[in-house]
Every structure is written in C-alpha cells, then in structure tokens.
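Enquirer: Quick note, the sequences are listed as chains A and B, same order.
First residue of the first sequence: 1, per the working numbering; consecutive thereafter.
First residue of the second sequence: 1, per the working numbering; consecutive thereafter.
Incorrect hints may have been included.
[Stated by the list, open to error] Calculated lysine-lysine pairs in the DSS-like style (CA-CA distance at most 30 Å, straight line): (1) Lys78/B to Lys75/A; (2) Lys172/B to Lys211/A; (3) Lys107/B to Lys320/B; (4) Lys78/A to Lys102/B; (5) Lys278/B to Lys78/A; (6) Lys53/B to Lys102/A; (7) Lys262/A to Lys328/B; (8) Lys107/B to Lys71/A; (9) Lys174/A to Lys174/B; (10) Lys174/B to Lys107/B.
Bear in mind the hints are in silico, worked out from the structure with no lab data behind them.
Note that the coordinates shown come from a computational prediction; the quantities given were computed from them, not determined experimentally.
Here's the letter readout for the chains.
Protein chains: 2
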Amino acid sequence: MMMKTSFLQILMASTLSVGLCHAQIAEDFKPSSLNQPGQEYPMVNSQGYARFKILAPAADSVRVSLGLGGKGGTKLAKAEDGSWMGTTEGPMDEGFHYYNVKIDGGKFNDPGALNFYGSVRWESGIEIPAKDQDFYALKNVPHGNVQQVLFPSPSTGTSRRAFVYTPPGYEKGKDKYPVLYLQHGWGEDETAWMNQGRANLIMDNLIAEGKIKPFIIVNTYGMTNEVKFGKIREFKIEPFQTVLINELIPYVDANFRTMANKDNRAMAGLSMGGMETKTITLNNPDVFAYYGLLSGGLYAPADIKDKSKVKLIFLSCGSKERPDGVKKATEELKAAGFNAVSYVSEGTAHEFQTWRRSLYQLAPLLFKK
Amino acid sequence: MMMKTSFLQILMASTLSVGLCHAQIAEDFKPSSLNQPGQEYPMVNSQGYARFKILAPAADSVRVSLGLGGKGGTKLAKAEDGSWMGTTEGPMDEGFHYYNVKIDGGKFNDPGALNFYGSVRWESGIEIPAKDQDFYALKNVPHGNVQQVLFPSPSTGTSRRAFVYTPPGYEKGKDKYPVLYLQHGWGEDETAWMNQGRANLIMDNLIAEGKIKPFIIVNTYGMTNEVKFGKIREFKIEPFQTVLINELIPYVDANFRTMANKDNRAMAGLSMGGMETKTITLNNPDVFAYYGLLSGGLYAPADIKDKSKVKLIFLSCGSKERPDGVKKATEELKAAGFNAVSYVSEGTAHEFQTWRRSLYQLAPLLFKK
Numbered sequence: 001m002m003m004k005t006s007f008l009q010i011l012m013a014s015t016l017s018v019g020l021c022h023a024q025i026a027e028d029f030k031p032s033s034l035n036q037p038g039q040e041y042p043m044v045n046s047q048g049y050a051r052f053k054i055l056a057p058a059a060d061s062v063r064v065s066l067g068l069g070g071k072g073g074t075k076l077a078k079a080e081d082g083s084w085m086g087t088t089e090g091p092m093d094e095g096f097h098y099y100n101v102k103i104d105g106g107k108f109n110d111p112g113a114l115n116f117y118g119s120v121r122w123e124s125g126i127e128i129p130a131k132d133q134d135f136y137a138l139k140n141v142p143h144g145n146v147q148q149v150l151f152p153s154p155s156t157g158t159s160r161r162a163f164v165y166t167p168p169g170y171e172k173g174k175d176k177y178p179v180l181y182l183q184h185g186w187g188e189d190e191t192a193w194m195n196q197g198r199a200n201l202i203m204d205n206l207i208a209e210g211k212i213k214p215f216i217i218v219n220t221y222g223m224t225n226e227v228k229f230g231k232i233r234e235f236k237i238e239p240f241q242t243v244l245i246n247e248l249i250p251y252v253d254a255n256f257r258t259m260a261n262k263d264n265r266a267m268a269g270l271s272m273g274g275m276e277t278k279t280i281t282l283n284n285p286d287v288f289a290y291y292g293l294l295s296g297g298l299y300a301p302a303d304i305k306d307k308s309k310v311k312l313i314f315l316s317c318g319s320k321e322r323p324d325g326v327k328k329a330t331e332e333l334k335a336a337g338f339n340a341v342s343y344v345s346e347g348t349a350h351e352f353q354t355w356r357r358s359l360y361q362l363a364p365l366l367f368k369k
Numbered sequence: 001m002m003m004k005t006s007f008l009q010i011l012m013a014s015t016l017s018v019g020l021c022h023a024q025i026a027e028d029f030k031p032s033s034l035n036q037p038g039q040e041y042p043m044v045n046s047q048g049y050a051r052f053k054i055l056a057p058a059a060d061s062v063r064v065s066l067g068l069g070g071k072g073g074t075k076l077a078k079a080e081d082g083s084w085m086g087t088t089e090g091p092m093d094e095g096f097h098y099y100n101v102k103i104d105g106g107k108f109n110d111p112g113a114l115n116f117y118g119s120v121r122w123e124s125g126i127e128i129p130a131k132d133q134d135f136y137a138l139k140n141v142p143h144g145n146v147q148q149v150l151f152p153s154p155s156t157g158t159s160r161r162a163f164v165y166t167p168p169g170y171e172k173g174k175d176k177y178p179v180l181y182l183q184h185g186w187g188e189d190e191t192a193w194m195n196q197g198r199a200n201l202i203m204d205n206l207i208a209e210g211k212i213k214p215f216i217i218v219n220t221y222g223m224t225n226e227v228k229f230g231k232i233r234e235f236k237i238e239p240f241q242t243v244l245i246n247e248l249i250p251y252v253d254a255n256f257r258t259m260a261n262k263d264n265r266a267m268a269g270l271s272m273g274g275m276e277t278k279t280i281t282l283n284n285p286d287v288f289a290y291y292g293l294l295s296g297g298l299y300a301p302a303d304i305k306d307k308s309k310v311k312l313i314f315l316s317c318g319s320k321e322r323p324d325g326v327k328k329a330t331e332e333l334k335a336a337g338f339n340a341v342s343y344v345s346e347g348t349a350h351e352f353q354t355w356r357r358s359l360y361q362l363a364p365l366l367f368k369k
C-alpha cells in the first residue's frame with residue numbers, strides 16, 4: 001500500500017529509526033541462564049535483545065536462526081578477534097526459545113548454549129528473562145524429584161521412557177496423589193516439560209506457596225511411529241493411545257502411590273500434545289476428568305457425550321496466537337454448562353513461555369472437586 | 001631415516017597398503033546407537049571403524065576429533081553431494097567415545113549424534129559395539145528408576161543436583177538398601193554415569209540375573225568451584241567433601257530408604273572421581289566401608305589407619321592405561337591383609353567402556369560382608 005510522504009518525513013523517519021535503534025539497545029548484556037558451564041555467550045540484555053558470538057574464523061557465513069519474525073534470523077558479522085558476532089534486530093519475546101546456527105550452509109548448535117529437544121533435533125536454547133520468571137525459578141524450597149522410568153510396552157515391543165514428577169516428601173510419605181499426564185509438542189519429546197518447561201520447579205513453587213493440592217506429573221513420548229518434518233498428517237493416534245491407556249497408566253498406578261481413578265486423573269498437552277489430549281480424553285471418558293489444551297485445539301460442547309464426567313476444561317494460548325478462538329470456545333462451553341476456563345499468555349506466541357504460564361494457571365484448578 | 005628400497009618394493013608396498021585398506025574395511029556400516037532420532041550418520045561397522053557425514057557445503061575444512069591416537073582425528077573430504085565425509089583410519093576401541101567437529105576453525109558438535117557432558121562441554125557421542133555389550137543393554141527386565149534430586153546445600157548457598165538410582169520394586173517396597181556414591185571424572189558432571197556409563201542398565205541387568213544384592217547409586221557433581229581446562233591443580237577437595245558428607249549423604253538417608261551406616265555405604269569414582277574417593281574415604285573412615293578407584297589413583301597399605309574398618313578396596317583401569325600399577329598395588333594391599341580386588345579392562349583406555357566394565361565387576365563385590 002502506497003502512502004503520500006514527503007522527503008522530510010522519510011528522512012525524519014529513518015533518522016529517528018537509526019537513532020532509536022542505537023539509543024535503544026541497553027549495554028547490560030549478561031550470559032543467558034541456559035548457557036553451558038563457564039560460557040559467556042549467548043548473552044541477553046534487560047530489554048530482551050540476544051547477542052551471539054560464534055568462533056569459526058575461517059567460515060564464510062554464520063547466521064543464527066533466532067531473530068525478529070520473518071527476517072530469517074540474525075546474520076552475524078566477523079568481529080575483530082576473528083569470531084562472528086551479532087545482536088538480534090529487536091527484543092525477543094520473554095521466555096525460552098529454540099535456535100540453531102547456520103555455518104557455511106550446515107545446521108549446527110551454538111557451542112555456548114545448552115541443548116533442548118525440539119524440531120526433531122537437539123537445538124540450542126536461550127532464555128530471555130521474563131517479568132514473571134519468579135514462578136519457575138529454582139528457589140530454596142522443598143523440591144520434588146523427577147524420575148526417569150522405563151516401562152514395559154508390549155504393544156511397541158520395547159521399554160519406553162517416561163519422566164515422573166513426585167512432589168516434595170513423596171519418598172518418605174504414605175499419601176496417595178492424583179496424576180496429570182502432560183504431553184509435549186510435535187518435534188519435542190518427553191524431556192521437554194521438565195527441561196524447557198521447568199514443570200518440576202513450577203510445581204515445587206506452587207506447593208511451597210500452598211497454592212495447589214500436590215499431584216504427580218507424568219511425561220512420555222507422544223509418538224510411536226517415526227514422523228518426519230512436515231509429515232504430521234501421517235501421524236496416527238491409536239498406537240500412542242494404546243501405550244498411554246493400556247501400558248503407561250497401569251504401570252504408574254502399580255508403581256507409584258496414585259489415586260487411581262478418573263476423578264484424580266488429568267490429561268493436558270501443548271500443541272500436538274493438545275490434539276492428542278483432545279482425541280484421547282474424548283475416546284476415554286472414564287479415564288480422565290480434567291482436560292487441558294495448551295495452544296492445541298479446542299473442544300466444542302457437542303464433542304462431549306456425557307457432560308457429568310468432565311470436571312474441568314482448560315483452554316489456553318499466547319496472545320500472539322489465536323486468543324479469540326480460545327475465549328470463544330470457552331464461552332460456548334460455559335454456556336453449555338461445562339466448568340471451562342481460558343487463559344491467554346500476554347505477549348507470547350507458540351512457545352514455551354506460553355505453556356509454562358499455562359501450567360501455572362492450570363495446576364491450581366486441578367483435582368479440586 | 002633413509003632405507004634402501006627398490007622401486008619394485010615401493011610399488012608393492014603401496015599396492016599392498018591400498019589393497020589391504022580397501023579389503024579391510026567391511027562395508028556393513030550402521031547408524032551409531034547414540035544418534036539423534038532418525039539420523040543415519042555417524043555410522044559404525046562391525047570392525048569398529050566410524051564413518052562421519054557432515055553437511056556444510058560452503059565450508060573449507062571439516063575435521064572430526066575422533067580417530068587413531070596421535071593423528072589429530074579424522075579429516076573429512078568433500079563428497080559428491082556437497083557434504084563432508086570420512087572414515088577413521090582404523091578401528092576404534094570398543095564402547096563410548098566423546099568427539100567434536102572442527103569446522104573452519106570453530107569447535108561444534110555433530111548434528112547427527114546425541115550430546116554427552118565431557119571436557120567441560122556437551123560433546124558428541126558415538127558408540128562402538130562391544131563384544132560384551134549385553135551387560136549394559138536395555139533389556140526386557142524390571143527397570144529401576146533414575147531420580148533427579150535437588151538437595152539443599154547451605155555450604156554452597158544453592159540447591160545442588162544429584163541422580164539417584166533406585167532398584168526395581170523400590171517404589172512400592174519397604175526394604176532398606178545400601179548406597180554407592182559414584183563419582184564422574186574431570187570435565188564431566190553428575191549426568192555421566194547414567195548417560196555415558198549406563199549405570200542404571202548395568203544394575204538392572206545384574207539384579208535381573210540375581211548376581212548382586214540390590215543397592216542404590218547416587219551421582220552428584222564433584223566440583224564446587226569452577227575449574228577451567230588445564231587448571232585441575234587448582235581444584236580443592238574440601239568444599240566438595242562438605243557437600244557430600246555433611247549435606248548429600250544426610251539428605252539421601254533422610255529421603256530414601258537407606259541402610260544408613262558405614263558397612264552399607266560405598267564410594268567409588270573414575271579418574272578425578274577416584275582421586276576424590278581416595279581422599280574422602282581416608283578422611284572419613286567411619287562413613288564408607290567399600291572403596292573403589294576406577295582409573296583414578298591407588299591406595300597403599302600405609303594410607304589406611306584402621307584396617308578393620310575397610311571391607312573392600314577395588315582398583316581398576318583399562319589395559320591401555322597402567323594395569324601393572326593397579327595389579328601391584330592390589331598385591332601389596334592383599335599382602336597387608338586387605339580384601340583388595342583388581343580388574344583390568346581388556347583393550348580399552350581411559351574411557352567409559354573401562355568404567356562400565358569396572359562397575360559391572362565392582363557391583364557384585366559390594367555389601368557382601
């Protein structure tokens with residue numbers, strides 16, 4: 001769309017923009033909290049800019065995938081010491097981001113950063129400090145444990161892995177606990193919710209503040225067939241449903257002190273994990289009573305045959321996703337008599353900050369009735 | 001040094017060498033078992049050769065750090081499809097190896113391989129199938145859990161992480177168990193024994209075969225101050241000793257069903273972890289009764305003040321390390337009346353295959369008296 005502008009206007013705008021740009025970047029960069037031990041870069045500043053430094057003196061081109069949307073990431077330039085450096089063109093959204101580094105046409109990771117499984121590969125991770133980061137911080141409170149469990153899966157002919165969060169005091173106590181089955185998104189795996197999502201710290205903090213009834217969280221891998229990038233439509237839910245319903249849940253109920261009934265069992269998931277949650281909860285109305293879709297689809301009142309079996313429907317997404325859809329679906333569910341709650345994460349997109357916040361909102365609503 | 005050689009001799013030698021080379025490498029390469037999901041490379045063949053393929057079409061030089069000793073790794077060559085490929089010049093030792101990829105002067109990881117913490121960075125890992133790999137294989141047997149524990153450490157002012165292996169049946173049982181405190185080497189961390197070492201699978205398999213009395217294993221980070229590469233002499237044991245003896249052990253005894261006494265407590269470690277084990281066991285004769293040094297120092301009879309307190313001394317290393325020292329020290333301990341056992345891992349060096357095998361040998365000797 002063309003607009004009438006005078007030369008002066010253009011000049012002013014461009015001066016302003018350059019001026020702002022330089023004035024804007026606060027030189028208070030600190031190492032990202034997700035760096036490998038002793039690594040200075042990548043760094044982040046108080047405004048959310050990220051700065052990268054990659055050593056590859058003989059490379060011809062180095063580009064980091066993280067940057068403002070639609071600009072193909074951040075191109076690094078050769079610095080005086082032979083390394084490649086660059087700063088994002090603008091502030092990044094608060095929270096966790098995956099990224100990788102293109103070097104001379106190949107995709108690698110930033111040697112300074114820790115790795116997190118996403119996009120069907122171990123990617124580099126960076127943390128942009130968030131105003132509300134306190135709720136997922138590691139604090140001096142009693143900590144629950146995260147257990148790696150290898151459970152037998154006859155249907156897939158192997159031992160499969162799950163992570164089980166048990167609340168503080170579980171090991172020495174005798175109480176039984178409700179269970180939330182919580183699924184990752186496409187391209188991620190069962191490590192995502194504890195690593196990127198910090199689900200264990202969110203729970204520890206909520207429990208320490210007396211804001212929730214303690215419960216167990218179980219994460220497992222939500223795919224049983226190998227699905228390549230872009231081929232998500234080939235994904236079939238049935239094999240995973242068998243693993244979850246017929247194998248994992250009985251294993252957890254047999255090996256942990258759970259309250260093994262529908263009213264003490266929840267399922268939630270992010271993105272693809274939300275799609276899985278929707279299908280599996282609707283297929284198994286006597287297994288779960290609490291449903292959560294985090295940036296992952298919606299329920300309509302007509303989807304649910306027996307309203308009395310559902311204790312809660314939680315729908316959420318980031319404000320940069322489609323919050324209107326989430327709000328509208330929630331209103332429709334409420335109007336139809338469901339206990340439905342929506343949550344919109346301000347200023348975030350289809351990323352883990354949205355889902356950390358969603359879990360923080362969802363947890364106090366679970367197992368209340 | 002010049003030698004008299006005829007032209008024919010040179011020709012024969014070079015023909016022979018080329019011929020041998022091609023005849024020798026069996027073209028039965030398969031993806032390494034430690035590859036990222038869906039990744040074909042790196043590959044290994046039945047003889048222990050490793051083959052790499054790295055995509056970086058515009059790079060000038062790509063070199064993999066893994067290769068025959070003293071040759072600086074394996075230089076890759078540009079393949080027809082624009083990727084960089086290469087095969088090690090000879091077979092690698094059996095078991096796990098760390099490696100990284102030098103691209104145009106920078107150090108990165110192989111995007112095809114999983115990462116493991118070693119050399120104070122997350123390195124790429126590759127697994128050369130071993131004749132005895134069955135003892136650390138994931139089998140259809142009952143599996144113990146590996147718990148991530150965050151324990152309070154007033155002396156270092158933070159929550160510190162430990163991994164706790166609990167034997168199959170622990171969750172629902174009532175038995176109390178002995179505990180082995182098992183330390184990693186320099187540049188590694190508390191993830192090493194379960195990830196690279198497969199300690200949990202070694203235990204699961206030994207327990208399933210009835211070869212050991214089940215026990216708990218605890219791994220924590222063996223350094224409390226940041227020590228940079230090459231500065232290991234600056235390392236001080238006291239702060240770690242405080243964490244282990246005054247903080248971790250009381251936490252484990254308070255939160256797990258342990259037999260909380262000297263005769264049911266062992267300490268062992270690999271490399272630097274062996275050095276730590278030696279110092280800490282000698283400083284704390286009433287805390288541990290079983291001592292294990294895996295490629296990490298030796299005890300002399302004169303080191304130990306009260307022989308009656310020590311139930312076992314286990315010393316091990318790879319045959320490519322200094323097995324004579326291990327054997328001699330063991331003989332001297334035996335002659336002095338100690339229950340001392342040595343083990344030498346055939347055909348391995350200062351690497352994790354030596355330590356997997358050492359744990360397999362050590363475990364049945366623990367907590368027997």
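Enquirer: Each of the hints needs a verdict: does it hold here or not?
Expert: Quick rundown of the hints versus the structure:
no., hint, result
1, Lys78/B to Lys75/A, "holds, 25 Å"
2, Lys172/B to Lys211/A, "holds, 28 Å"
3, Lys107/B to Lys320/B, "holds, 28 Å"
4, Lys78/A to Lys102/B, "holds, 18 Å"
5, Lys278/B to Lys78/A, "violated, 48 Å"
6, Lys53/B to Lys102/A, "holds, 16 Å"
7, Lys262/A to Lys328/B, "violated, 64 Å"
8, Lys107/B to Lys71/A, "holds, 27 Å"
9, Lys174/A to Lys174/B, "holds, 11 Å"
10, Lys174/B to Lys107/B, "violated, 49 Å"
Of the numbered hints listed earlier, those contradicted by the structure are 5, 7 and 10.
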